[in-house]
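Heads up: the protein sequence lines correspond to chains A and B, in order. Numbers 1 to 314, taken from my numbering, label the letters of the first sequence in order. Numbers 315 to 998, taken from my numbering, label the letters of the second sequence in order.
Take the hints with a grain of salt, since some may be wrong.
Just so you have them, the derived chain A footprint on chain B, three or more residues with Cβ under 8 Å [what the hints assert, rightly or not]: (1) 332-342; (2) 349-357; (3) 469-476; (4) 776-782.
The calculated lysine-lysine pairs, modelled on DSSO-like cross-linking and capped at a C-alpha distance of 30 Å, are [unchecked claim]: (5) A:K148 x B:K769; (6) A:K169 x A:K196; (7) A:K294 x B:K829; (8) A:K57 x A:K121; (9) A:K148 x B:K369; (10) B:K948 x A:K196; (11) A:K149 x A:K166; (12) B:K829 x A:K196; (13) A:K149 x B:K954; (14) A:K95 x A:K294; (15) A:K166 x A:K276; (16) A:K294 x A:K166; (17) A:K179 x A:K169; (18) A:K121 x A:K149; (19) A:K196 x B:K954; (20) B:K829 x A:K148; (21) A:K171 x A:K107; (22) A:K196 x B:K765; (23) B:K765 x A:K149.
Note that these hints are calculated values from the structure, not bench results. Each residue gets a CB set at the ideal place from its N, CA and C atoms; glycine is no exception.
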Amino acid sequence: MISSAGYTRYLNKIPLSLSIVILLGLSIWTAQAAPLRVTVFSAQSRSAYDQFVHSFKGELARENISLTLNPSNSLSSEFDLIVAVGIKSASIALKTHSPVLCVLVSKAGFEELLQADKQDKRAISAIYMDQPGKRQIDLLVAALPRVKKIGLLYSSHSPNFTELSKAIKKKHLILYEQKSNSADLLHRDLQTVLQKSDVLLAIPDDGIYNSSTIRHILMEAYRSGTPLVGFSPAYVRAGALFSLFSRPEQIAKQASVLTKAYFDTGRLPAPQYPHKFDVTVNRQVANSLGIQIKQNDLLLSKMNSAENRARGPQ
Amino acid sequence: MLLLSFLGAFPCLAEESFDDSYFQALPVVLTASRLSQPLSEAPSAMTVIDREMIKASGFRSVPELMRLVPGMYVGFADANRPVVSLHGSSDEYSHRMQILIDGRSVYMPPFGGVHWADIPLMIEDIQRIEVVRGPSSASHGTNSFYGVINIITNDATAQHGGSVSVSRGYVSDASARFGNTGEQLDYRFSVGYRSDQGLDNSVLNDHNATRIFNLRSNYHPNGTDSFDVQIGSSNGVYGIGISGRPEDAFRDTSSQSDYQQISWIHAWPVSDETKLTYSHNIHNSLDPYLCIDSGICQGYYVPTTPISQGFTQQSVFSQRNELEFQNTNWLNETNRLVWGGSMRRDYADYELFLGHPYTVNSWQVFAHDEWRISESAILNIGTMYEDNGMGNRNSSPRASINYHFTPQHTLRFGISTATRSPVMSESFIAANNTIWGGAYVPPVNPLVPEKILSKEIGYIGEFRSLALTVDARAYIDQVSGLIWWDKYVELTPSFPDSFKNLFDAEYRGVDATVKYHWSDGRSFGVLNYAYQQASTSLGSIPTQYYNASPDPLNPNRYSSVGDRVRQYYNNEYVAQFPGLVPSHSVSVLLSQSLLNDLQLSAGYYYRGRVHVGDVGSDVTPENTMRRFDLRIAKTFKFEKGRRAEVAWIVQNVTEDNYTKYGTVNAVAEVLFTRRAWLSATIDF
Chain A
1 MISSAGYTRY
11 LNKIPLSLSI
21 VILLGLSIWT
31 AQAAPLRVTV
41 FSAQSRSAYD
51 QFVHSFKGEL
61 ARENISLTLN
71 PSNSLSSEFD
81 LIVAVGIKSA
91 SIALKTHSPV
101 LCVLVSKAGF
111 EELLQADKQD
121 KRAISAIYMD
131 QPGKRQIDLL
141 VAALPRVKKI
151 GLLYSSHSPN
161 FTELSKAIKK
171 KHLILYEQKS
181 NSADLLHRDL
191 QTVLQKSDVL
201 LAIPDDGIYN
211 SSTIRHILME
221 AYRSGTPLVG
231 FSPAYVRAGA
241 LFSLFSRPEQ
251 IAKQASVLTK
261 AYFDTGRLPA
271 PQYPHKFDVT
281 VNRQVANSLG
291 IQIKQNDLLL
301 SKMNSAENRA
311 RGPQ
Chain B
315 MLLLSFLGAF
325 PCLAEESFDD
335 SYFQALPVVL
345 TASRLSQPLS
355 EAPSAMTVID
365 REMIKASGFR
375 SVPELMRLVP
385 GMYVGFADAN
395 RPVVSLHGSS
405 DEYSHRMQIL
415 IDGRSVYMPP
425 FGGVHWADIP
435 LMIEDIQRIE
445 VVRGPSSASH
455 GTNSFYGVIN
465 IITNDATAQH
475 GGSVSVSRGY
485 VSDASARFGN
495 TGEQLDYRFS
505 VGYRSDQGLD
515 NSVLNDHNAT
525 RIFNLRSNYH
535 PNGTDSFDVQ
545 IGSSNGVYGI
555 GISGRPEDAF
565 RDTSSQSDYQ
575 QISWIHAWPV
585 SDETKLTYSH
595 NIHNSLDPYL
605 CIDSGICQGY
615 YVPTTPISQG
625 FTQQSVFSQR
635 NELEFQNTNW
645 LNETNRLVWG
655 GSMRRDYADY
665 ELFLGHPYTV
675 NSWQVFAHDE
685 WRISESAILN
695 IGTMYEDNGM
705 GNRNSSPRAS
715 INYHFTPQHT
725 LRFGISTATR
735 SPVMSESFIA
745 ANNTIWGGAY
755 VPPVNPLVPE
765 KILSKEIGYI
775 GEFRSLALTV
785 DARAYIDQVS
795 GLIWWDKYVE
805 LTPSFPDSFK
815 NLFDAEYRGV
825 DATVKYHWSD
835 GRSFGVLNYA
845 YQQASTSLGS
855 IPTQYYNASP
865 DPLNPNRYSS
875 VGDRVRQYYN
885 NEYVAQFPGL
895 VPSHSVSVLL
905 SQSLLNDLQL
915 SAGYYYRGRV
925 HVGDVGSDVT
935 PENTMRRFDL
945 RIAKTFKFEK
955 GRRAEVAWIV
965 QNVTEDNYTK
975 YGTVNAVAEV
985 LFTRRAWLSA
995 TIDF
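Produce the complete structure using the sequences and hints provided.
Have a look at this one:
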């Protein structure tokens, strides 16, 4: 996964003498700190993607990086680094030969893309949108200390949630997982899982959670007095109790750090979770369910300190 | 490569689905008006009767469920005519309660009461009932006087697939329901038949049969707008009559009730919401053989006047159109303002009593702010201003503060006011009406709205780790200008009765509810207790009070006409008034789940002796009620989540038969005896 800076690879294809000349030239050029050619590739339009691009541009404004924006459907030329925004961009960028940093991609989606070419030796990395299982469960415990049983509804489309179930077990909580095999049975499966759990934890599984089922799921959960925990701001607005997520700006900051490090070291780290995150709470729903959640910032600082403790002194 | 590019062009890659989930725009589902307030933050004392209580109680009507509200009086004039009111017994129409079904007011324009028997509502379709035990005009609109019964039916998303239910035994009920949810449209509909033989057909003709249809659907074309449409209808046949009373002959009345309601809800950013509702109700009832002159009906003038001339057909038609606009705005993080207004047009055609049709156009505006002063204090402040369409304008302010000493312990101090406008049958009696032989005449002075001022202090303890809630309060409610029959008919036969703002009254009481869940929430117990006291005094002194002329009828007993009037009011009203409320009442509901598929529930209902309002002191009072009900249910589970339930319900198991509501002794002495039925439900 981690490899040397991309531009040295293509030198193999050029005759030796020419290479020397070019290398010489290049070394003079880099000595003058030649800018890294980075393109932000966004094949799809989404407001989150636009926010990322905007923030990323801002973060790198004063760096010696030649940043181009590529809001098209294809990549015509080679770059020193492609920052691919979103899964569609990632899938196109990975078909080129340039190093790629994928952002605003799900872990499951990204890993599925990599399956296609395991032999790929260039620098490829990602910052996921997913939150680490431990973080999710830490937040759940901090926000809802009385919760003992966590319900999880999933379908055959579901991303892998072993990490989440490990984190749940580690906290000595009970996980009640219920697979729902068809839309017809969703209602019954939902009722079963709601009956057996104190909280329903939504996962990015569009077999269960999609725009046509969410109304029913939220109403049913509310009727049974069970809060739903989401993973995006839209969930909170729809009626979830709270969501843990990273804003595009937060990911942009992390991506800019990785880009600068790449400029310095020629290496990309292993795919990683976002470091910074946010929690939004639906106060109306919390009040209605009689749940008192400490102020966001209190909660966040508590969680951040817990994570720092876990990471140990840096 | 070709394959790759083909895959790349494929619009929906598997890996995209996970990612789409993160960015998916979702509809705003739990908008402000769909959320209920928790007990500890409600501005008034509130009882919530939820599905598990409804089921465990075995009750099949809303009035009976009201036994689970501390201090609520529930009586039955006969099986078809329940009387439900806070602050004790009332006349048959219990004018002083607001009854809402999904925000639609269902008390009838001509009488102000509710014809509970034919409301197009099935108990299985009720999601919960919130009963506000105190005036609440700022939140629930006009007529929220002694309290509000706010019935919330299942949302359009609540029914999935079909369900059929049949009950046999003392009752003959059947119902079927079906529902589904979709991307843009959710719906549920139900049809039902409800019937029983009543209380005691040897004395009362109170058999009944009601057919009900309901449809609720929700259309949500986008993420921020939704349209909730409800249509319902009922028609029924209700026996009426008392044996041995020719003026109350056994006969069948019929009635028809229809409603349509449409609400548009728009969700604005930051949890703001606008809701616009239009509703339409009609109610039509027919009594084919109503006695209008008891002398003729009883055959006193036979053969000169044929008996049939003493009877006529009574038809009452009423209609309500209402348009309501309600906005919820978050002024800032801690201030939520709910404001809006409504216009209502009530029409009634009750020729026999009112002479000609009447239309009353009323309007109201309201505003209510919930301000979280700090993490532990919530101030609720609001008012309603109304024009009752009968020449009066009133405002009904309210303020309360809920203070959470700890998250578990909350104290509530509240002060609240409301008005009750006179209803058509009080204000618009026709001078030449023929009903009851013209025994009632229009009010001498125009009636003005009754007013109530309620002061209360409440405690709410919510111990989540113990699954225990405690809710207790003490209150003083002061009422002025109570509209009552002015009985100067008793003095001179030529002066019939009419309504008058006659009394001031005071109600004091203490009530408490304890709710506890165990065995993982599957078993529960609820205990309600209420202690009540009532007293009254004459608010406006009748002019005859000062009449010094000798009493024309019994000069030996009464020193003057004024003395007779004083004695009459003192003995028949003021002295009787405290007896209208039961001093003590208790209800207990326990539900224990056994072996995973058995549910055993028991209800115990105690109510002290009550004297029915508006009747003479010689009518038999309702004696102490001690009633014990049982429900045993077994659930069967089949593949694909299908399930069935068989339940056996026995009411008044111990045969501790008690007397019931009655305005004449023959009725007041009918006993409520033991009854049982079996009920089976299949969900598929």
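Could you grab the alpha-carbon distance between B:K765 and A:K149 and see if it respects the 30 Å cut-off? The hint is violated at about 50 Å.
Does the stretch 776-782 of chain B contain three or more residues whose Cβ lies closer than 8 Å to a Cβ of chain A? holds (count 3)
Okay, the stretch 349-357 of chain B and chain A, do three or more residues pass the C-beta test at under 8 Å? holds (count 7)
For the pair we were handed, B:K829 and A:K148, check the Cα-Cα distance against 30 Å. 22 Å, holds
When you check the alpha-carbon spacing of A:K148 and B:K769, does it fall within 30 Å? 41 Å, violated
Keeping to a limit of 30 Å between CA atoms, is the pair of A:K196 and B:K954 held or broken? 18 Å, holds
Would you check the hint for A:K57 and A:K121, treating anything up to 30 Å between C-alpha atoms as holding? 28 Å, holds
Mind checking the alpha carbons of A:K148 and B:K369 for me, to see if they're no more than 30 Å apart? 27 Å, holds
Mind checking the alpha carbons of A:K121 and A:K149 for me, to see if they're no more than 30 Å apart? Measuring from Cα to Cα gives roughly 43 Å; hence the hint is violated.
Coverage criterion applied to the stretch 469-476 of chain B (partner chain A; beta-carbon cut 8 Å; 3 residues): This one holds; 5 residues, not fewer than the three required, reach chain A with a Cβ under 8 Å.
Would you mind confirming whether the straight-line C-alpha gap from A:K95 to A:K294 stays at or under 30 Å? 46 Å, violated
Does A:K169 lie within 30 Å of A:K179 when you go C-alpha to C-alpha? 19 Å, holds
When the structure is compared with the earlier hints, violations turn up for hints 5, 14, 18, 22, 23 and for no others.
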